[in-house]
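Engineer: The residues making up each chain are set out below.
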Amino acid sequence: KNEVEQSPQNLTAQEGEFITINCSYSVGISALHWLQQHPGGGIVSLFMLSSGKKKHGRLIATINIQEKHSSLHITASHPRDSAVYICAVEGNTDKLIFGTGTRLQVFP
Amino acid sequence: EAGVAQSPRYKIIEKRQSVAFWCNPISGHATLYWYQQILGQGPKLLIQFQNNGVVDDSQLPKDRFSAERLKGVDSTLKIQPAKLEDSAVYLCASSWAGSSYEQYFGPGTRLTVT
Numbered sequence: 001k002n003e004v005e006q007s008p009q010n011l012t013a014q015e016g017e018f019i020t021i022n023c024s025y026s027v028g029i030s031a032l033h034w035l036q037q038h039p040g041g042g043i044v045s046l047f048m049l050s051s052g053k054k055k056h057g058r059l060i061a062t063i064n065i066q067e068k069h070s071s072l073h074i075t076a077s078h079p080r081d082s083a084v085y086i087c088a089v090e091g092n093t094d095k096l097i098f099g100t101g102t103r104l105q106v107f108p
Numbered sequence: 001e002a003g004v005a006q007s008p009r010y011k012i013i014e015k016r017q018s019v020a021f022w023c024n025p026i027s028g029h030a031t032l033y034w035y036q037q038i039l040g041q042g043p044k045l046l047i048q049f050q051n052n053g054v055v056d057d058s059q060l061p062k063d064r065f066s067a068e069r070l071k072g073v074d075s076t077l078k079i080q081p082a083k084l085e086d087s088a089v090y091l092c093a094s095s096w097a098g099s100s101y102e103q104y105f106g107p108g109t110r111l112t113v114t
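If you read the sequences in order, they're chains W and X. In this text, residue positions in the first sequence follow my numbering: the first is 1, and each later residue adds one. In this text, residue positions in the second sequence follow my numbering: the first is 1, and each later residue adds one.
Just chain W, same shape as in the assembly (with noise of 0.2 Å):
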């Protein structure tokens, strides 16, 4: 098992509705990461959250340390949010530990 899980792995949605992407994990962990990968490669950290929520733009993570889970929500989802969503957890090591990765496709 995973010690980071992504659900969903593919997500399709029409413009504008509001999307929910979770990420479980099952270390001790310090920090939690959201990232965006955009075909081509690159990627973007989006947020990084210990505890609580955060918000930029249309953008907003939580993060759950009791239970051990964090949700990313898009708001009014537009076709440039096509992307490859990561979720990525700091353990003890101070290592990264990466999810598989939800791809995200929104059509006009």
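Hint data in this document are derived by calculation from the structure and do not stem from the laboratory. Built from N, CA and C at the ideal position, the CB exists for glycine as well. Mixed in with the good hints, there may be bad ones.
With the Cβ distance kept under 7 Å, some of the chain W side facing chain X (calculated, not the full set) [to be verified]:
| hint | residue |
| --- | --- |
| 1 | Gly42 |
| 2 | Leu46 |
| 3 | Leu49 |
A short, non-exhaustive set of chain W residues, derived as facing chain X with CB atoms under 7 Å [as the list claims (entries may be wrong)]:
| hint | residue |
| --- | --- |
| 4 | Ser82 |
| 5 | Ile86 |
| 6 | Thr100 |
| 7 | Gly101 |
Fit chain X to the supplied structure of chain W, relying on the hints for placement.
Structural biologist: This is chain X only, laid out in the frame that chain W set:
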């Protein structure tokens, strides 16, 4: 601020050949990472440098992979000899001083081994 630079962007080689990738991190970033990302999987850390010293290379296949960061700035990752299963995107990332700081990723080098 310039981002993390990597070259080449794409490389196709035959198995048993050698290949080298180059990374120039963001100026001032002490920590540099090399990741391997196989299609459909998340990135896997190969090696982490703090300045010119190795912090973690536990997942680096040392019989064929090597990496260096001689002056604590640029880094090269080499594969010699390459195997078919080395086909992947090789990502370089840097941060100020370790993974508690945001990591900035380069565009990656897509390697195809035939």
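Engineer: Hints broken by the structure, by number, lowest first?
Structural biologist: 2, 3 and 4
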